[in-house]
Amino acid sequence: MTIPISEALRYLGIRDPDPDTLARVKAQARALEDRVTPRYTYRICPIERHEKGWLLKEADILLPGRLAGKMMASCHLAALLLCTLGAQFDAMLRAAQARDMAAAVMLDACGSAYVEAGCDSAQREIAARFPDLYLTDRFSPGYGDLPLALQGDWLRALNGEKRLGVCETKAHVLIPAKSVTAVLGLSSQPQPAILRGCGVCALKGQCAYRERGLFYDS
Amino acid sequence: MIPDPHAFLLLDGAMGTMLQRMGMKPGESSEQMNFSRPDWIESIHRAYIDAGSRVIYANTFSANRRKLRQSGHSVRQTVYAAVAVARRAAAGTDVQVALDVGPLGELLEPLGTLSFEDAYDLFAEIMEAGAEAGADLIAIETMTDLYEAKAALLAAKERTKLPVFVTMSFDAAGRTFTGCTVASMAHTLEGLGADAIGINCSLGPGELLPLIQELRRHTALPLIAKPNAGLPDPADGHYSMTASAFADAMLALARAGAVCLGGCCGTDPDFIRQLSASLAGVTPMAAAAPCVSFVCTPTCPLPLTGVRVIGERLNPTGKKRFQQALMENDLDYLVRVAAEEMDAGADLLDVNVGYPGVDEKTLLPRAVKALQAAVDVPLQLDSADPAALEAALRVYNGKPAVNSVNGTEESLCAILPLVKKYGAAVVGLTLDENGIPQTAEQRFAIAKKIVDRAGALGIPRQDVWIDCLTLTVSAQQEQAEETLRAVGMVTHRLGVHTVLGVSNISFGLPNRPLITSAFLLRALSAGLTLPIVNPCQREIMDMIAAFRVLSGEDQKCQRYVERFAQASPAAAPSPAERRLTLADAIVRGLSADAALLAREALASQEEMALVEGTLIPALDRVGADYEAGRAFLPQLLSAAQAAQAVFEEIKTSLARKGHEAVSKGTIVLATVQGDVHDIGKNIVKTVLENYGYTVLDLGKDVPPDRIADAVREGNIRLAGLSALMTTTLPAMEKTVRLLHSLPHPPAVMVGGAVVTPEYARAMGADFYAKDARAAVAIARQVWSAEET
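Sequence lines, in order, name chains A and B.
This note's numbering applies: residue 1 is where the first sequence begins, and numbers increase by one.
This note's numbering applies: residue 1001 is where the second sequence begins, and numbers increase by one.
Calculated from the structure, these hints are not laboratory results.
Fair warning: this is a prediction, and the values are worked out from it, not measured in the lab.
Idealized CB from N, CA, C, for every residue including glycine.
Please note that a few of the clues may not be correct.
Calculated pairs, DSSO-like style, for lysine-lysine (alpha carbon to alpha carbon, straight line, at most 27 Å) [what the hints assert, rightly or not]:
| # | chain 1 | residue 1 | chain 2 | residue 2 |
| --- | --- | --- | --- | --- |
| 1 | B | 1664 | A | 170 |
| 2 | B | 1319 | B | 1664 |
| 3 | B | 1734 | B | 1770 |
| 4 | A | 170 | B | 1319 |
| 5 | A | 52 | B | 1025 |
| 6 | A | 170 | A | 52 |
| 7 | A | 170 | B | 1025 |
| 8 | B | 1067 | A | 57 |
One-sided excerpt, in silico: chain A residues whose CB lies under 7 Å from chain B [as the list claims (entries may be wrong)]:
| # | residue |
| --- | --- |
| 9 | 5 |
| 10 | 88 |
| 11 | 97 |
| 12 | 99 |
| 13 | 165 |
| 14 | 169 |
| 15 | 171 |
| 16 | 172 |
| 17 | 177 |
The following block holds chain A by itself, in its conformation from the complex:
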């Protein structure tokens, strides 16, 4: 699995990198790819409409709110996903911060791009298992009105601590740092792309990237 450099640059807020900066970002990406591979686990459960939201009975998870309602409207299955770069990324980042803060922020951006690439890979794997079904966009606790507090339910349902070494703090922050929980629906009907781009992001009014003229279109 490789790190999409353009994504890493976007996280860094860099539009047209000079050759030196580009080379440094690529060097961080290579070092990261050499030492870390994103790991993921997922679980596919039937999903049903419930008075308080959408229920994944087998996993004992209820997805409340408008976003889940919109995304799952025509789905009969949902895939719960957890992807992480693991503790070794955090160790690399600490080591980099002790030496060179500029290198560290580049490594951090590469890590963000890498864990998303891991989620993409898991998503492709799920799609391949269900060639007759259509996948919704991927979304996560903390996104829209889906509560961040659900992260713990995800970890429990996916046995995330034992399988991938991921824990959460009392404030529902996942550790290791580059860990992502997500859900996507599976439907027999084609699914529109809903969530890509800045339009749906809750942070769009204050986003540092947008301020610097960087937009993300679907």
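Place chain B on chain A using the hints.
Quick look at chain B alone, frame taken from chain A:
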């Protein structure tokens, strides 16, 4: 009961898998079943006993205070209930009941926020309850963090007299989730006194084989294998391996040296029954104790085969800048020095923080934690104070070395028991009540005494490293030869490693590196394997690289060629030749050039004039480019880094003159309680420091009280708070309010991904800092207002 390495011991299989089959619902906890369905638990235990298990694990895997928080039962109640059920099931048999202890479910520092000491306390509570409830042994299992395993093992050993099994979970590549290697686990846990060690969960028996073979090479302890029923299907989590296939694969593990055998997730009594049958007629493999000395961190195993360089620079003796850092509690400086040593090729680092006015017992363990968070090489803990050594040994993650014990009765009695208890290697100095002997024979005699006394306590011979002591050749010329003779005698007659603080030889002479490297070469030729040197001195490391070629350690001269292939043939042109100014060097982020130019400038300029006249205008130039979108965060930080190199020169210059460090003011920074992402806060810190502010960095997940205490104690005028998650904004607000309620309230700036100017206003913060540059502007504003 301590397992017999010559006989197989059958353990049990999965508990959770069985409970799920019996009808435990998703979301229910296994520990709850001790109260709601003790009959189920008892029947599972009985089924395993009937299948042949001689040890059953009580249903206490998650019975820690943290995981039981919402259960309505205490640790004691849960452990008592679970052990009682297991005892009932085992009644009338000779089956032993193990207290099963799993991970706490919260990650330890530096990865997470749980301190080692708090982890120890959580485990101590379980261990004490287990011993009182009547468990026969303790089985710590499924650990993925060696630090957590250490906390649990220490608690088990210190709070009970029970035998302790420890198993960790690895991936097929032989690493745990935190990167711990099999070798590091083996040496660390054996050193700490585990009675049997091994591997459980995460893999099937087939994948476990190479790992058990690796483990066998590193320990003679009885080995435990408790794998899963193969690998689970990623989609539904089900295990598909059959009991007979499992038993066949387990036989290979038994032949590779595992003696305590059982199953983990996906296994059931049938697996144990078939395993028991397949072991009939098989004899356990005899194990030989490893004889190579070994130190490690979890992720950096270091067998001592060949020359290993010990970095000497983490030591205040004769180093004014280092002394100043100690007095200011500036651990970042220690970490920077350590990183330089490691990057220059040191294999392990000596760390000494002993200086008048320093509380070593507090500072040494803090230094160990800070160093281990960022620099992945084993440490040699160096102190004359046994209490400081013990405090550091407790919190060290891995197997360290201790510097030092000597031949005096007082030292032998104080130090060796610590070395034994914490499983460290130890440096033995060849001096005693009569001082340093003048002859090699007398030093050898002391060396022998130290090795013998260590052996009597059960410290393996290879873990004692002898220092034959380097004396200054300009003062006692004949002693150089005696030291070298002693190194030879210890190497050949005692067969242990030798250590030497090499640099001391050349003290007081011109061209010190020449004398030092000449002596180094002679010492290495005499048998020295552990030179303590300054690895940042090129001549020294060149000499070691050459020696490794000549001794055959550097096979095919590979490392040597690599080392010198990197060195450019012609020296790079100096900054002056390139017409580079200090300001340009800072703007372009050229740290080495900036340091060189700053040193030159300081010959004719006052320190503060350099800061105000050159350094800050240069940083402002980059800052303006950043704000205009012409430069990006990496450039801003590279410039800050170069400015840091300049500041280092300024601090060194001031320390040499005995002056106070320059500071424009002290700012407290913290990532608020609950939040663990701190790179944003660290970026702000880097930039503020390089504008001349002193930053008191309280770290991440910092409770409001601690921030308020730091502000009050330091009479701080500006505090900066960072939060990344919406869920931690309430903690930020609480902190702001608390700080504003202080008698002399500081200005508070807030920032971080989720903080907006509106939030900042609403929570009562004085400033919103959108980035590091904004924080600098705020600091300027605060201090200019203070002055007027």
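Consistency of the hints with the structure:
Of the supplied pair hints, the one linking residue 1664 of chain B and residue 170 of chain A is violated, its CA atoms being roughly 37 Å apart against a limit of 27 Å. With a C-alpha separation of about 25 Å, the suggested pairing of residue 1319 of chain B with residue 1664 of chain B holds against the 27 Å cut-off. Between residue 1734 of chain B and residue 1770 of chain B, the direct Cα distance comes to roughly 20 Å. Compliance with the 27 Å bound is thereby established for this hinted pair. Under the criterion of a C-alpha separation no larger than 27 Å, the hint pairing residue 170 of chain A with residue 1319 of chain B is inconsistent with the structure, at around 44 Å.
The suggested pairing of residue 52 of chain A with residue 1025 of chain B holds, with an alpha-carbon distance near 21 Å, which does not exceed 27 Å. With a CA separation close to 24 Å, the supplied pair residue 170 of chain A and residue 52 of chain A stays within the 27 Å bound. Taking the CA atoms of residue 170 of chain A and residue 1025 of chain B, the gap is about 24 Å. The hint holds against a cut of 27 Å. Restraint check: the Cα-Cα separation between residue 1067 of chain B and residue 57 of chain A comes to about 23 Å, which is no more than 27 Å; the hinted pair holds.
Given hint, residue 5 of chain A at the interface with chain B, is violated; its Cβ is 14 Å from that chain's nearest Cβ, farther than 7 Å. Evaluation of the residue 88 of chain A hint against chain B yields a held restraint, the C-beta minimum of about 5 Å falling below 7 Å. For the restraint placing residue 97 of chain A at the interface with chain B, the shortest Cβ-Cβ distance is roughly 6 Å, inside the 7 Å limit, so the hint holds. Annotation: interface hint on residue 99 of chain A holds; nearest CB of chain B at approximately 5 Å, less than 7 Å.
Restraint check, residue 165 of chain A versus chain B: the minimum CB separation of about 3 Å is within 7 Å; hint holds. Restraint check, residue 169 of chain A versus chain B: the minimum CB separation of about 6 Å is within 7 Å; hint holds. For residue 171 of chain A, the suggested interface contact is upheld, since its CB lies about 3 Å from the closest CB of chain B, less than 7 Å. Taken as an interface hint, residue 172 of chain A checks out: its beta carbon lies about 5 Å from the nearest beta carbon of chain B, inside 7 Å.
The beta carbon of residue 177 of chain A comes within 6 Å of a beta carbon in chain B, closer than 7 Å, and the hint placing it at the interface holds.
Hints 1, 4 and 9, counting from the list given before, are not met by this structure.
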